[in-house]
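These protein sequence lines are chains A and B, in that order. Take the first sequence: its position 87, counted from the start at 1, is 87 in the numbering used here, and no numbers get skipped. So the number in the numbering used here is just where the residue sits in the second sequence, counting from 1, plus 113.
These are computed hints drawn from the structure, not numbers from a lab. Take the hints with a grain of salt, since some may be wrong.
Simulated coverage check for chain B against chain A, where a stretch passes if three residues somewhere in it have a Cβ under 8 Å from a Cβ of chain A [claimed, not checked]:
| no. | region |
| --- | --- |
| 1 | 133-139 |
| 2 | 151-161 |
| 3 | 164-171 |
Now the stretches of chain A that chain B is said to cover, found in silico as 3 or more residues with beta-carbon under 8 Å [what the hints assert, rightly or not]:
| no. | region |
| --- | --- |
| 4 | 13-25 |
| 5 | 65-79 |
| 6 | 89-97 |
Glycine included, every Cβ here is placed at the ideal spot set by N, Cα and C.
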Amino acid sequence: MREPTYFVLASLLDGPLHGYAIIQRTEQLSGGRIKLATGTLYTALDRLAAEGYVELVREEIVNGRARRSYGLTPPGAGALRAEAERMAAAARLVTGRGRGLLPGGSARKASPA
Amino acid sequence: MTGLERRCRWLLLAYPGWYRRERSGEMLGTLLEASPPGRRWPSFRDARALVIGGLRVRGWTWSLSMVWVAAGAVITGYIFYATTPNYISADIIGTGFIGFSAGPAAVQIVAVLAFVAWVALPLPVLIAGFIRLRGWRPTSWLRAAAWAGAWIAGDALLSLARAWGDSPGVSWGELPVCAAWLVLGAVMTWILAASARRSDMPGAGSQASGKASQRPTGTRDSRA
Chain A
1 MREPTYFVLA SLLDGPLHGY AIIQRTEQLS GGRIKLATGT LYTALDRLAA EGYVELVREE
61 IVNGRARRSY GLTPPGAGAL RAEAERMAAA ARLVTGRGRG LLPGGSARKA SPA
Chain B
114 MTGLERRCRW LLLAYPGWYR RERSGEMLGT LLEASPPGRR WPSFRDARAL VIGGLRVRGW
174 TWSLSMVWVA AGAVITGYIF YATTPNYISA DIIGTGFIGF SAGPAAVQIV AVLAFVAWVA
234 LPLPVLIAGF IRLRGWRPTS WLRAAAWAGA WIAGDALLSL ARAWGDSPGV SWGELPVCAA
294 WLVLGAVMTW ILAASARRSD MPGAGSQASG KASQRPTGTR DSRA
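In isolation and in its complexed conformation, chain B is listed as follows (with noise of 0.2 Å):
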């Protein structure tokens, strides 16, 4: 077995078992194919297809959001009760506004990078995820409601963080929360960027996809 093979073999596991059984044959000797000669890796555009592609088959896509959602309200909501004080008076009473004008000048710069990234992140995404599903539908709130779920648990990890570490001021404890939450944002924005259809809804038959609801209901024709 190549190395290639095994790394297919391994992108695979998105599908569940049911799948696979059926299909990871065939879909192996595809991406054999596909791939040119040499090659030791799948590419980066095959590796995102096969991800996506086992989380729609799970039906994940849509339970993840929510998860995200959920996670991101009930953990902000036990910081906003626990940390809160404590939060403030440290920001306050510390060493500034954010609290990242302590230790040494290299922390201070990725700190205030990752908040930068953190704030700034969501905004275009969210935005750019209405354009491309042109409209109100329920696909295009639950990705505007995963996208505020989403950054209110990174707000939540860095408090959390925060209230582990040494107040005031950012603390080596946090830049891990930091990175992890922007790898997190970033993962969670390649899932959800991908173009929304009704079938990622559990239960969903198949029905035109999401961005088919353009065309009058009804009119069943294989948009995809």
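Chain A on its own, in the form it takes in the complex (with noise of 0.2 Å):
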């Protein structure tokens, strides 16, 4: 799963939300890191729809215009839980023995981080 991908399932998480609204909350969630253009969000909500891990969960108008919220499925929110345990894993290899990792090489007598 692609960063961008993990945090636009992230955003879901406190519920549904429509397309600027997961703009705003991937940028914040994500230290301002991701920041999506709104092609790129659709892309990524076509796809995800498609593979079942959002929905449509509300439609509403709005200034005359169709505004659509979409929320995570339970397979979203398993794939979701997934890769952040995966992602858990893969830090515990490094953050585990953080004292062998300093600058400098050997293990130091450091206080802990």
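Two chains, two frames, some hints: make the complex.
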């Protein structure tokens, strides 16, 4: 799962959001790193919907235009969780032996970070 | 309708009609909400994402590459057959190796710069494409082939312009062709540099994407 996809799914954890809200929430969750362009967002939503990870939950009319909200499906939540666990396991490989990886090489006596 | 809205609507034409009927209102709303107030033109990023998104939905990114390769091959074949004797004799008997030594200095400088860019441009892009795609999968090869085709087509266009112009040396008619070729090359780079997905292929369904094939096939995940 690429990072933008991960954050798009994560942005829906607290409930369904519409397009612009997903863009905002994704940027916020990623600490400003991921700024989705509108076209990119809808390409991602199309794909995630085709995979059954997100679904259309609400449609309203705002300023004469359709505004649709998308929500996480149970398979989507499962895939997100699996990815989070995979990354956490990968992270533990490194963080679990933090002191051995201090700059300067050998395991120095340092206060645990 | 504001200028921004009108321009966004224009960009949405990259998407096919059936998709626009379903989505354009929604996407337009998001585009306008995401644009800072007072903005009159969509951002470059938005424009790029919409054009690429539209081409993807149409399934054109793959066929564009193939058309490009085919055009390059056919035109080159024809040019090679039709103009090579003229081309060689004009250059060798004429004013120099590349033939850019005729005409006003400004023309020569522009022509040489265009020529250098034309020769130099595809190579880093090709290498970057391979590094980006990290492998020798079919998508990588299609991209490389598309670039080879683009390069050859540019070569052929220049030869064609040379054949039409007053040889020897660069002609005024050759410069627009040079410029058009560089623009075309830049556009192709822009389109093809977007990350490859297997879903670009016609009839691909929702399999794991091209980039995901690092993993064993069968682990169907949601890589994007």
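Status of each hint after checking the structure:
no.	hint	verdict
1	133-139	holds (count 3)
2	151-161	holds (count 4)
3	164-171	holds (count 6)
4	13-25	holds (count 4)
5	65-79	holds (count 6)
6	89-97	violated (count 0)
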